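Student: Spelled out, the chains give:
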Amino acid sequence: MESINNKIIPKPIKNLILAFSGLPGIGPKTAQRLTYFVTQKSSEEIETLSQALVSVKDHIVLCEMCFYIMEINPDKDSRICLICEGNRNKNQICIVESPLDVIVIENSGIYDGLYHILHGAISPMNGLGPNNLKIDALIKRIDNNIEEIIFATNPTLEGEATAMYIQELISELNVNPTITMLARGLPTGADLEYSDFSTLSNAFENRSSFNYSE
Amino acid sequence: MTKNYFATGIISKSSNFGEADSIFHLITKEYGLVKAVAKSVRKPKSKLKGHLQTLNHVNAYLRKGKNLDLIIQVESVTTFKSIKKNLNFIAQACYMTELTESVISEDQSSPELFNLLVSSLKFLETSKNRILLIHCFEFQLLALSGFKLMFLECVNCQKEISKNSHVFSPVQGGVLCPNCKKSENTKLINLSFTTLKILRNMSRENFSLLLEISPPKNIINELSRIFNESIKELLGIKLNSQNFYQTIMKH
Numbered sequence: 001m002e003s004i005n006n007k008i009i010p011k012p013i014k015n016l017i018l019a020f021s022g023l024p025g026i027g028p029k030t031a032q033r034l035t036y037f038v039t040q041k042s043s044e045e046i047e048t049l050s051q052a053l054v055s056v057k058d059h060i061v062l063c064e065m066c067f068y069i070m071e072i073n074p075d076k077d078s079r080i081c082l083i084c085e086g087n088r089n090k091n092q093i094c095i096v097e098s099p100l101d102v103i104v105i106e107n108s109g110i111y112d113g114l115y116h117i118l119h120g121a122i123s124p125m126n127g128l129g130p131n132n133l134k135i136d137a138l139i140k141r142i143d144n145n146i147e148e149i150i151f152a153t154n155p156t157l158e159g160e161a162t163a164m165y166i167q168e169l170i171s172e173l174n175v176n177p178t179i180t181m182l183a184r185g186l187p188t189g190a191d192l193e194y195s196d197f198s199t200l201s202n203a204f205e206n207r208s209s210f211n212y213s214e
Numbered sequence: 001m002t003k004n005y006f007a008t009g010i011i012s013k014s015s016n017f018g019e020a021d022s023i024f025h026l027i028t029k030e031y032g033l034v035k036a037v038a039k040s041v042r043k044p045k046s047k048l049k050g051h052l053q054t055l056n057h058v059n060a061y062l063r064k065g066k067n068l069d070l071i072i073q074v075e076s077v078t079t080f081k082s083i084k085k086n087l088n089f090i091a092q093a094c095y096m097t098e099l100t101e102s103v104i105s106e107d108q109s110s111p112e113l114f115n116l117l118v119s120s121l122k123f124l125e126t127s128k129n130r131i132l133l134i135h136c137f138e139f140q141l142l143a144l145s146g147f148k149l150m151f152l153e154c155v156n157c158q159k160e161i162s163k164n165s166h167v168f169s170p171v172q173g174g175v176l177c178p179n180c181k182k183s184e185n186t187k188l189i190n191l192s193f194t195t196l197k198i199l200r201n202m203s204r205e206n207f208s209l210l211l212e213i214s215p216p217k218n219i220i221n222e223l224s225r226i227f228n229e230s231i232k233e234l235l236g237i238k239l240n241s242q243n244f245y246q247t248i249m250k251h
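Here the protein sequences come in this chain order: A and B.
Using our numbering, read the first sequence as starting at 1 and increasing by one per residue.
Using our numbering, read the second sequence as starting at 1 and increasing by one per residue.
If you're looking for bench data, these hints aren't it; they were derived computationally from the structure.
Here the structure is a predicted model, which means the values were calculated and not measured.
Relax, there's no trap hidden among the hints.
Distance condition first, Cα-Cα at most 30 Å in a straight line; then the derived BS3-like pairs of lysine-lysine:
id: 1; chain 1: A; residue 1: 29; chain 2: B; residue 2: 47
id: 2; chain 1: B; residue 1: 238; chain 2: B; residue 2: 197
id: 3; chain 1: A; residue 1: 7; chain 2: A; residue 2: 41
id: 4; chain 1: B; residue 1: 250; chain 2: B; residue 2: 148
id: 5; chain 1: A; residue 1: 57; chain 2: A; residue 2: 76
id: 6; chain 1: B; residue 1: 238; chain 2: A; residue 2: 134
id: 7; chain 1: B; residue 1: 66; chain 2: B; residue 2: 43
id: 8; chain 1: B; residue 1: 85; chain 2: A; residue 2: 140
id: 9; chain 1: A; residue 1: 14; chain 2: B; residue 2: 66
id: 10; chain 1: B; residue 1: 66; chain 2: B; residue 2: 39
id: 11; chain 1: B; residue 1: 238; chain 2: B; residue 2: 217
id: 12; chain 1: B; residue 1: 66; chain 2: A; residue 2: 7
id: 13; chain 1: A; residue 1: 14; chain 2: B; residue 2: 35
id: 14; chain 1: A; residue 1: 29; chain 2: B; residue 2: 3
id: 15; chain 1: A; residue 1: 29; chain 2: B; residue 2: 35
id: 16; chain 1: B; residue 1: 29; chain 2: B; residue 2: 85
id: 17; chain 1: B; residue 1: 128; chain 2: B; residue 2: 197
id: 18; chain 1: A; residue 1: 29; chain 2: B; residue 2: 45
id: 19; chain 1: A; residue 1: 11; chain 2: B; residue 2: 66
id: 20; chain 1: A; residue 1: 29; chain 2: B; residue 2: 43
id: 21; chain 1: A; residue 1: 29; chain 2: B; residue 2: 66
id: 22; chain 1: A; residue 1: 29; chain 2: B; residue 2: 64
id: 23; chain 1: B; residue 1: 250; chain 2: A; residue 2: 140
id: 24; chain 1: A; residue 1: 41; chain 2: A; residue 2: 29
id: 25; chain 1: B; residue 1: 3; chain 2: B; residue 2: 35
id: 26; chain 1: B; residue 1: 43; chain 2: A; residue 2: 134
id: 27; chain 1: A; residue 1: 134; chain 2: B; residue 2: 250
id: 28; chain 1: B; residue 1: 148; chain 2: B; residue 2: 217
id: 29; chain 1: A; residue 1: 134; chain 2: B; residue 2: 85
id: 30; chain 1: B; residue 1: 64; chain 2: B; residue 2: 39
id: 31; chain 1: B; residue 1: 29; chain 2: B; residue 2: 39
id: 32; chain 1: B; residue 1: 45; chain 2: B; residue 2: 81
id: 33; chain 1: A; residue 1: 29; chain 2: B; residue 2: 39
id: 34; chain 1: B; residue 1: 250; chain 2: B; residue 2: 85
id: 35; chain 1: B; residue 1: 182; chain 2: B; residue 2: 232
id: 36; chain 1: B; residue 1: 29; chain 2: B; residue 2: 122
id: 37; chain 1: B; residue 1: 81; chain 2: A; residue 2: 134
id: 38; chain 1: B; residue 1: 181; chain 2: B; residue 2: 238
Throw the hints in and build the complete structure from the sequences for me.
Tutor: So this is what it looks like as C-alpha cells:
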C-alpha cells in the first residue's frame with residue numbers, strides 16, 4: 001500500500017490499483033501489474049473490457065428459484081433460469097456452494113436434476129453464518145414433491161458444517177426426502193502413498209462393491 | 001537466503017488465494033500465529049490438501065517468505081474427526097480456536113496457549129460432559145493473556161467476599177465486595193451463590209471437578225454473560241464465530 005500512496009503515481013492509476021486489489025486472489029503487486037497492462041492496451045480494447053464489466057452488472061441477475069446466475073430476459077417478468085425452466089428431473093435438488101460448481105457438474109453431463117446455490121458455506125471464523133447464505137429460500141423450496149436432496153458442498157469443515165446445519169433444518173420439516181452426499185475418498189489418478197488419514201478413512205468407509213465381468 | 005523451519009500447529013483459518021493456492025493461519029507452539037501459503041492446494045491431486053483442513057493438528061515444514069511463509073510439507077497429527085461430525089462441537093471448536101487466534105502473537109512462541117487449545121479440543125472430542133468446557137477454556141485463556149479473573153477475594157480491595165453480596169465487574173475483571181460495589185460506576189453483573197461457587201473452583205483450578213458437573217440453564221446463562229462481557233471489556237474483541245456458536249446453542 002506504501003507504493004499506492006506515493007505522490008509520483010497518477011491518481012487514476014492509484015484508483016485502478018485499489019480497484020484491482022479488491023478482487024479475490026489479487027494482491028497489491030498483481031494489481032499493479034494488471035494496471036500497467038491496462039495502460040498498454042488500445043482505447044478500443046479497454047472500452048470492450050469496461051463494457052463487459054458494466055454489462056455483467058446490468059444484465060445478470062440471480063434466478064429466483066435456485067440462485068444461479070442468469071441473463072435478464074426483457075420479454076419475461078419472472079426471473080427463472082434455463083435449468084429451473086428446462087425439462088429436468090424436478091424431484092431432485094443438488095445443493096452447491098457456488099455457481100461455478102453448477103458449471104462443472106453441468107459440463108460433466110452426469111446430473112439432470114435441479115440445483116440450489118448457497119453462495120458460500122458456513123465459515124464461523126470468517127464471519128459467514130447461516131444468515132449470509134441462501135438457506136431460508138432452500139427450506140421454502142422443499143416440499144413433498146422433492147424425492148432426493150444431494151449435498152455437493154466441498155469436502156471441507158465449512159462444507160460439511162453447512163450440510164449438517166441444512167440437514168437439521170430439513171429434519172424439522174414435515175417431509176421425508178432421501179438425503180445424500182457426494183462420496184468422499186480418493187480422487188482419480190491419486191497416489192495412495194500420499195493420502196492423508198481423513199481421505200483414506202473416508203475412502204474405506206464409503207467403499208463400494210466391485211464386480212468385474214467381461 | 002531461504003530459511004526453512006518445522007512447526008506444529010492447529011489450522012485456524014483458510015482463504016483462497018490466486019488460481020489454486022490458499023492462505024492458511026496456523027496457531028503454532030513454536031512461532032505463535034503463522035500465516036502461510038500452500039501452492040496448488042485447491043487442485044484435486046494436491047498432496048497437502050487432505051492435511052490442511054480447518055481444525056487439523058499438523059506438523060508442517062515451512063519456508064520463510066517476505067510477506068507470507070510457504071508450506072512445503074505437512075502431515076496431520078490429529079484430525080479431530082469426532083468434532084467434525086457434530087455441528088455443536090464444530091461451533092465450540094471454532095469459537096475456542098478463533099479466541100486463541102485473537103490473543104496469540106505472530107512470531108512469538110506460545111506453548112501454553114497452544115497446549116490449552118489442543119487439550120481443550122481433545123477434551124471436546126473425547127469427554128461426555130462438555131457443558132462447562134468453554135468457560136474453563138475462557139478462564140484459562142484470559143489468565144494466560146494476563147487477565148486472570150478474581151473470584152476468591154474482592155478485585156478492588158482484596159478483602160474476602162461475603163456470602164450475601166455477589167457482583168461481578170467485567171471492567172475490573174473480578175468480584176466486588178459491598179463497599180467497593182458502591183463506588184463502582186461501570187456495568188455490574190449479579191451472581192447467584194452457585195455461580196460463584198463454580199467460579200471459585202475455576203480460580204482454584206479444579207477443572208476436572210467442574211468438567212463433571214451439569215449446572216442448570218440459568219447458571220449456564222450467568223456464566224456465559226460473565227465471560228462474554230469480560231472478553232469484550234478486557235480483550236476488546238468481538239469474535240466472528242460467537243454468533244454462530246450462539247445460533248447453534250439456541251437451535
